[in-house]
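These protein sequence lines are chains A and B, in that order.
Numbering of the first sequence is given in the numbering used here, commencing with residue 1 and proceeding in unit increments.
Numbering of the second sequence is given in the numbering used here, commencing with residue 461 and proceeding in unit increments.
Hints in this document: simulated from the structure, not taken from any laboratory.
Don't take each hint at face value.
[Stated by the list, open to error] One side of the interface only, derived from the structure: several residues of chain B facing chain A at Cβ under 10 Å: (1) E567; (2) P690; (3) A797; (4) A801; (5) V804; (6) M871; (7) A907; (8) D911.
Glycine included, C-beta positions come from ideal geometry on N, C-alpha and C.
There are 2 protein chains.
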Amino acid sequence: MSVSQEILNIAENELKAFLGERCSTAQAVRDQHGKDESWHETCSPDMVCFAKSTEEVSQIIKICARHKIPVVPFGAGTSLEGHINAVEGGVSIDLGQMNEILSVHEEDLDCVVQPGVRRKQLNEFLRDTGLFFPIDPGADATIGGMASTRASGTNAVRYGTMKDNILNLTVVLPDGRIIKTGGRAKKSSAGYDLTRLYIGSEGTLGVITEITLRLYGIPEAISAATVSFPDIESAVQSVILTIQSGIPIARIELLDEVQVDAINKYSGLDLPVQASLFLEFHGTEQGVKEQSQTVGEICKEFGADDFKWTTKPEDRSKLWEARHNAAYSARALRPNASIWATDVCVPISKLADCIMQTKADLDKSDLVAPIVGHVGDGNFHLSFVLDMDNPDELKEAEELNAKLIARALSMDGTCTGEHGVGLGKKKYLQSELGEGALSVMAALKSALDPDNIMNPGKIL
Amino acid sequence: MSVSQEILNIAENELKAFLGERCSTAQAVRDQHGKDESWHETCSPDMVCFAKSTEEVSQIIKICARHKIPVVPFGAGTSLEGHINAVEGGVSIDLGQMNEILSVHEEDLDCVVQPGVRRKQLNEFLRDTGLFFPIDPGADATIGGMASTRASGTNAVRYGTMKDNILNLTVVLPDGRIIKTGGRAKKSSAGYDLTRLYIGSEGTLGVITEITLRLYGIPEAISAATVSFPDIESAVQSVILTIQSGIPIARIELLDEVQVDAINKYSGLDLPVQASLFLEFHGTEQGVKEQSQTVGEICKEFGADDFKWTTKPEDRSKLWEARHNAAYSARALRPNASIWATDVCVPISKLADCIMQTKADLDKSDLVAPIVGHVGDGNFHLSFVLDMDNPDELKEAEELNAKLIARALSMDGTCTGEHGVGLGKKKYLQSELGEGALSVMAALKSALDPDNIMNPGKIL
């Protein structure tokens with residue numbers, strides 16, 4: 001698709017008449033909306049519209065639909081596979097100002113938010129209610145973005161992913177109509193699961209403008225610990241046995257020695273530079289005690305040191321902040337470096353093999369790429385630390401990434417556990433799902449967005 | 461759609477050449493496949509094909525697709541809204557012989573089954589592994605049917621519904637092609653969620669021929685109890701507070717005094733004829749103790765009697781068997797009666813209002829309709845005990861059902877928490893979801909099944 005300058009000018013006039021200064025064509029604004037936190041090159045939209053309501057999103061899309069101009073929804077720009085890069089130009093709809101928490105139903109353990117609400121903002125808002133929203137992808141992403149990429153993160157091993165924690169969505173369709181995908185009942189068998197269809201659809205089927213989220217009571221007891229292992233395999237084997245034992249651990253994060261070294265330097269920790277797990281337990285006082293004792297015994301069996309407990313809440317925050325800054329700490333390992341973050345997910349029994357073989361690949365390479373992962377789900381990340389101006393490094397990262405993905409797929413895993421497809425994983429979808437499943441996705445896309453205006457060039 | 465006898469004869473010849481005696485046109489076989497356990501009238505298919513493999517299902521569908529003959533997938537026939545009734549005739553594909561458990565990955569807590577596997581069969585098979593599959597809709601349904609209706613049941617309050625417990629599906633598309641919707645990774649962000657699109661699609665988008673299920677370790681400790689309340693509102697308020705307190709209860713089932721009376725008679729129990737809860741706790745010894753103590757205190761606050769514990773496993777089985785036979789026990793309240801079972805689901809805070817208002821409606825009516833429910837999810841059922849030859853009774857049930865659903869929708873609930881849409885709930889979908897969302901569902905349906913051969917007349 002290519003839109004002529006003439007058409008763009010007409011649309012710009014219409015959008016400016018409607019939104020005033022909230023429709024911008026300033027180069028700096030466009031560039032800021034043309035790139036996420038990934039390695040993919042900037043593709044700036046032709047203009048950026050800052051929406052304040054579902055109704056406004058609907059009007060913007062109606063204008064774009066009439067002119068067949070691409071529409072790219074934008075949250076916080078923290079995605080990792082080029083999801084928001086406007087590869088065909090068009091209009092970026094910035095939803096950041098739609099950041100109201102519309103209602104909290106404490107008695108139903110749910111809340112309704114606009115898509116621009118950030119996850120930290122939500123949890124700060126909720127604190128006095130004794131409730132929290134568990135999904136935590138690390139970045140302070142928007143809830144809309146997290147829904148659109150089917151995000152998960154550190155707590156998913158216990159609380160599930162975005163798909164498990166959304167009751168319904170309000171969506172603006174590619175023709176501007178507004179729909180609601182369901183009510184607030186905890187479960188429903190009323191027709192096709194439109195909620196789940198839109199979760200993870202990366203803005204290619206419409207724009208999510210309201211989200212009803214499940215909430216949880218803040219656990220009576222929370223405790224966190226770090227533990228170091230003689231080698232990475234022992235750490236992973238401990239995770240596997242913990243999961244297989246059915247222990248409802250809330251967080252179990254792996255960091256290889258490269259990553260531990262990086263976060264020691266970046267976040268001022270002094271962990272032994274060894275493969276480590278960061279753990280968190282949620283429950284009653286007694287439950288947490290039982291869980292941590294059992295996991296402690298498992299880790300010991302695999303040669304681990306004693307748990308180092310972080311008892312004070314502020315120390316716990318520091319620990320998880322350090323974990324969340326893993327990618328930034330990796331980037332700081334090298335001056336002017338960029339990060340190429342990739343993620344795969346495999347059945348838990350394959351995790352040790354998958355990580356060990358990947359580690360062996362990395363040992364043979366000159367590239368630095370810390371391994372970090374939500375290993376309780378079988379999900380882990382490589383963060384290639386690259387000089388983006390060096391084509392050899394890029395090529396090597398590309399090859400290692402392809403090898404990692406082929407390995408995960410050969411183990412009945414997926415090319416992305418939580419980052420999404422965006423631009424970067426498109427070429428792997430066919431080997432993962434086959435031509436037939438892709439043709440079903442293509443049929444869904446063209447049924448709902450026949451002019452291919454919604455975030456074109458992504459997923460398919 | 462109407463298919464000429466001539467076309468049907470050609471298809472019959474082709475199917476018989478392919479399947480031999482496994483393609484039947486015997487009236488008794490057709491009638492048996494023309495009605496589920498609901499009140500909807502029998503609509504027999506023109507023939508019944510007994511498939512033994514995914515490849516056979518594919519071949520059958522290819523023949524039907526070529527002649528544009530309706531295809532209705534059939535599992536155990538235990539659905540409750542006329543899902544398998546062949547309203548436009550055509551071919552019923554009986555998947556009951558596809559009942560192999562193909563693999564159990566104990567180390568990954570998953571298994572792969574054919575769609576005709578029954579839930580009891582699966583759990584008997586798994587017993588020695590120490591694992592179990594929790595979803596339990598009461599009837600000994602097939603896993604394929606449970607997936608197709610997005611079933612849930614007594615354990616859903618803790619373990620979720622079918623949508624939360626399926627990792628991937630093999631599906632035969634309406635043109636006979638075979639797809640797989642994903643791998644065995646515990647989570648994935650690789651494109652549109654085809655798995656969830658097919659879960660709950662009631663055979664209208666294709667036929668599910670393989671299911672990868674999540675399994676759980678059998679809890680270290682399980683204990684079950686019954687408890688009686690002075691009135692139904694106290695029972696419901698106890699449930700609401702239990703859920704709001706975040707207690708990870710495994711089962712919390714409400715039975716009103718009419719239902720208790722019915723199961724006392726049918727299953728030889730001697731419970732006080734009062735509103736009651738059936739409870740089950742899963743966890744460690746200590747965890748179960750903590751949970752049951754807290755719930756006991758909550759119930760006591762609302763005037764309940766002491767818990768009656770069923771300590772022996774065989775007593776526990778008897779208790780849940782009695783609960784599962786609720787509908788049959790209701791039917792036995794009256795000679796030659798039929799049951800019209802309906803279900804709604806509302807946010808938990810609305811549950812007491814919804815049930816009390818419904819109870820008041822029933823008190824004003826001559827109809828008998830026990831109330832029973834998976835109340836931890838806000839989900840409950842009415843079982844109208846009817847003389848189907850009495851049009852006045854049918855009309856009254858219809859009106860009470862409509863009133864119940866309007867009430868649930870006004871409370872932001874759903875017209876079906878777990879039974880599905882089938883024929884019976886079609887007319888309520890628009891008030892629940894609105895025209896826009898229904899048009900999206902219709903667009904999906906016609907994109908994937910343009911000739912409308914897959915279970916026509918259901919959902920939409």
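How the hints compare with the structure:
no. : hint : verdict
1   : E567 : 4 Å, holds
2   : P690 : 23 Å, violated
3   : A797 : 26 Å, violated
4   : A801 : 13 Å, violated
5   : V804 : 8 Å, holds
6   : M871 : 8 Å, holds
7   : A907 : 3 Å, holds
8   : D911 : 14 Å, violated
In this structure, the hints that do not hold are numbers 2, 3, 4 and 8, in rising order.
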